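Residues per chain are reported as follows:
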Amino acid sequence: MGDCHNCPVATLPPPSIAARRHIVAIVGPPNSGKSTLFNRLTGLRQKVANFPGVTVEHRMGRAKLDANREVFVVDLPGVYSLNPRTEDERVTHDVLCGEMKGLPKPDAVLLILDSTNLSRHLVLAAPVLSLGLPTLVILNMADDLDRGGGGIDSAELAMQLGSPVALVSAAKGLGVDKVLQFLAGTTEGAARQKPLMELPVIQDIPKCRAWATNLGSNAKYHAPAPPLWTRRLDSIFLHPVAGPAVFVLVVIAVFKSIFSWADPLMNGIDAFTAWSGHWIGVLIANDTLRSLVVEGIWKGVGSVVKFLPQILFLFLFIGILENSGYLARAALIADRTMSRFGLQGKSFIPLLSAYACAVPAIMATRTIESKRDRIATILIAPFMTCSARLPIYILVIAAFIPHNSWYQVIALLGLYILGFVAAILTARLLKSTVLRSSRSSFMLEMPPYRWPTVRSLALRLVDRSKVFLHRAGTVILADGVLVWMLCYLPFSHEKFIETEHLRAELKAAPEAPDAPQVRQKLSNLETSQVEHSFAGSVGHAIEPAIRPLGFNWKIGVGLLTSLAAREVIVGTLGTIYGMEGTDEHSENLQQAIRTDLTPGGAAALLVFFAFAMQCMSTIAVVRRETGGWKWPAAQFAYMTFAAYLFAFLANRIVTAWA
Amino acid sequence: MKKRAAANATARNLTQLKRGESAILDRLDLPEDDARRLMELGFLPGHAITPGHSAPGGDPRVFRVDGSEIALRRETAQRLILR
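Protein sequences appear in the order of chains A and B. The working numbering numbers the first residue of the first sequence as 198 and each following residue consecutively. The working numbering numbers the first residue of the second sequence as 28 and each following residue consecutively.
No lab work stands behind these hints: they were computed from the structure. The model shown is predicted, which means the values in this text are computed figures rather than measured ones. You may find that some hints are simply not true.
[Unchecked claim] Simulated coverage check for chain B against chain A, where a stretch passes if three residues somewhere in it have a Cβ under 8 Å from a Cβ of chain A:
| # | segment |
| --- | --- |
| 1 | 42-55 |
| 2 | 95-106 |
[Claimed, not checked] In silico SDA-like pairs for lysine to any residue, Cα to Cα no more than 20 Å straight-line:
| # | chain 1 | residue 1 | chain 2 | residue 2 |
| --- | --- | --- | --- | --- |
| 3 | A | Lys568 | B | Arg63 |
| 4 | B | Lys45 | A | Arg428 |
| 5 | A | Lys404 | B | Pro72 |
| 6 | A | Lys568 | B | Glu59 |
| 7 | A | Lys704 | A | Phe688 |
| 8 | A | Lys568 | A | Lys628 |
| 9 | A | Lys417 | B | Glu59 |
| 10 | A | Lys417 | A | Lys453 |
| 11 | A | Lys417 | A | Ile349 |
| 12 | A | Lys568 | B | Glu48 |
| 13 | A | Lys453 | A | Tyr523 |
| 14 | A | Lys568 | B | Pro58 |
[Unchecked claim] Cβ-to-Cβ under 8 Å is the rule here; a few derived chain B residues that face chain A:
| # | residue |
| --- | --- |
| 15 | Asp60 |
| 16 | Asp61 |
| 17 | Arg64 |
| 18 | Glu67 |
| 19 | Leu68 |
| 20 | Gly69 |
| 21 | Pro72 |
| 22 | His80 |
| 23 | Leu109 |
Ideal Cβ placement from N, Cα and C applies to all residues, glycine included.
Next comes chain B alone, as it looks inside the complex:
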């Protein structure tokens, strides 16, 4: 019960997705320039993202979105909020 309350209170971000698990992107909590670049690469609200392989240690990680694979650092992935 505690878990569900916590999940409702704070939205999930990309780092909380398990490898191979897909989710839909809701918004990007990033400065405008960075958000644009990510959107151009395919990280658009409404699109599905799936985490893939990573560097040793888990950071940065490759994300499969929109038919291509883009690697992001943890600090950036944390700002991508999922629906």
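Chain A with its partners taken away, still in its complex shape:
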């Protein structure tokens, strides 16, 4: 089967093979363990399927039945009914009826219900069974049912429903063999029995509920005792004083670990990129190509991969918070504050994550059901001071504010607060105009606490990293090449050869008597290279527009290259000032920018970076999560405008004051 990795739509294989492939849909209410079962069945053989016109992504994978047979499994969103009122229900309904473009009608359905909450979940059985597809009713969390002293006569239930029933614990892996047996039976084309119980009128919820309760009692269902541990933990985590205290501690712990644990890993990747880049360069004979591959592609990719440890830790913590059930409690505690800004509690963790990187933060907004709240959160996430802004902040602050003084800390803190305030004000603006919600009610389900399984966390990490690396990576790769093209083209062979020659000379004899002159020569050469490149031309061209902000053409080049990724500016400035390979801690570089920036210009540069949208990866992810170009374009325009305006003001104010 040609696995089409680039296809956005789950496409049909050619007709001759279609007959052998069967499609199974997994349906169920939220929190019934659909994802866990999906992961059990497909393992790593899964990918994201994007249905046309639908913003929420779904997963599709292959489950192995035996040595020869496989079925396609489609994971559908959690729904309580098939009323096409929300997008989730519409999509589920369309897929099950075969009305989803690009996906044939499923051959079988796995209806997964939480056996500890059966009366509520059985309601979904009515509309699903009435569709007439071969269905296996899976009573999940059977281990919890048993442990809590509950029980059910599954054979009786099967007779009442006219469909096979299986008691399963997807988390523990119990009973999954029965699921596979059912699927194997389906591929042979099993027939359905006639149900004993009449299916009720679907639209009427109370009647459906009465039907479900009746069904349960016929099958001798009794619910388990409520989980004690959840009550006990909640009396601490939702305690008026202890609750917020734990909340703050969790937030601090997540942050501290992300920044301090990730640091050594990031430095390691940096070193590796530089070292390996050198050796790759040795292998390439052609100068232009070598420059492109090492400086453009390899270093570009390295700059994205460098952030991967932070991203992974973030995904890991969000995963733990979500799977354990604590996330709902955190959202509860944060809700009051968030609603003052026009948002809701579920926006809290995504916005917090945005302090490390907006990309995983925006991906984490999937838990927000209200579409408008979700989009509002996505749009303001990039205002949070992400770690890519830190290099330029550190460079400018260190260059303009005396070392080791309190003012440095205040300046950095001030920038963090600035981002935060910008986010809040934008949220209020959005929610009172464009994204005003029709006062729809807020409701948040508090799942019972569970130990997150290593398996589910690992799969989630792999899945999220794949998405991050693919989306962000391809964008940054393209950007790396683009930036290279801007800075190194028109390519001058003589300059390039001389640069390499001088570099080799310095490397061979760094302490030689004429080393300083060699360094100076190299420096001048690098500056001249940039000045005569496309980027230099563009920098000169836009200089009139950015002069009111206190910037000259050199800063202009930096703004241009950092358009796709903020941290690039430090490297670009390094190159412009002939100090290639330096970073934000280099005193020489700090001194150099002092020659071109006034305090006003420095303030403007900081403010510009606080507000501007300079991250192609973010734009790519926003496009994906909002399903179109409208929102990312609006976001880009708004942030660019805000950046220009406030940088201009900053320049004016600081210049007048200094």
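Knowing the structure of chain A, use the given hints to seat chain B on it.
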């Protein structure tokens, strides 16, 4: 006496229940879509609801209904009328 007259005149809503105190839901004074979602979650007329823990300040609050715990904001809980 005044208290009883007042209680008879206006039906109780969910926010007036004390923590741990149960009552039966009579109706949901909400737009249809919201009412459906709440009913799907278990807030059905005739079912018992018990308020539980809350965020600091009392809003939103967790309500135990039908074997699960759902948090609602005050403005929503006010529209759930008790028998």
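Status of each hint after checking the structure:
1. 42-55: Three-residue rule not met by the segment 42-55 of chain B, so violated; n is 0.
2. 95-106: Answer holds; 8 residues pass the 8 Å Cβ test.
3. Lys568/A with Arg63/B: holds (18 Å)
4. Lys45/B with Arg428/A: holds (17 Å)
5. Lys404/A with Pro72/B: OK: lysine 404/A and proline 72/B at ~11 Å, within 20 Å.
6. Lys568/A with Glu59/B: holds (18 Å)
7. Lys704/A with Phe688/A: violated (24 Å)
8. Lys568/A with Lys628/A: holds (12 Å)
9. Lys417/A with Glu59/B: Judged against 20 Å, a Cα distance of about 33 Å means the pair is violated.
10. Lys417/A with Lys453/A: violated (51 Å)
11. Lys417/A with Ile349/A: holds (6 Å)
12. Lys568/A with Glu48/B: violated (35 Å)
13. Lys453/A with Tyr523/A: holds (19 Å)
14. Lys568/A with Pro58/B: holds (18 Å)
15. Asp60: holds (6 Å)
16. Asp61: holds (4 Å)
17. Arg64: holds (7 Å)
18. Glu67: Holds - the Cβ of glutamate 67/B comes within 8 Å of chain A, reaching about 4 Å at its closest.
19. Leu68: This hint holds: leucine 68/B lies near chain A, its Cβ roughly 6 Å from the closest one there, short of 8 Å.
20. Gly69: This hint holds: glycine 69/B lies near chain A, its Cβ roughly 5 Å from the closest one there, short of 8 Å.
21. Pro72: Holds. Min distance 7 Å.
22. His80: holds (4 Å)
23. Leu109: Cβ of leucine 109/B sits 17 Å from chain A, so the hint is violated.
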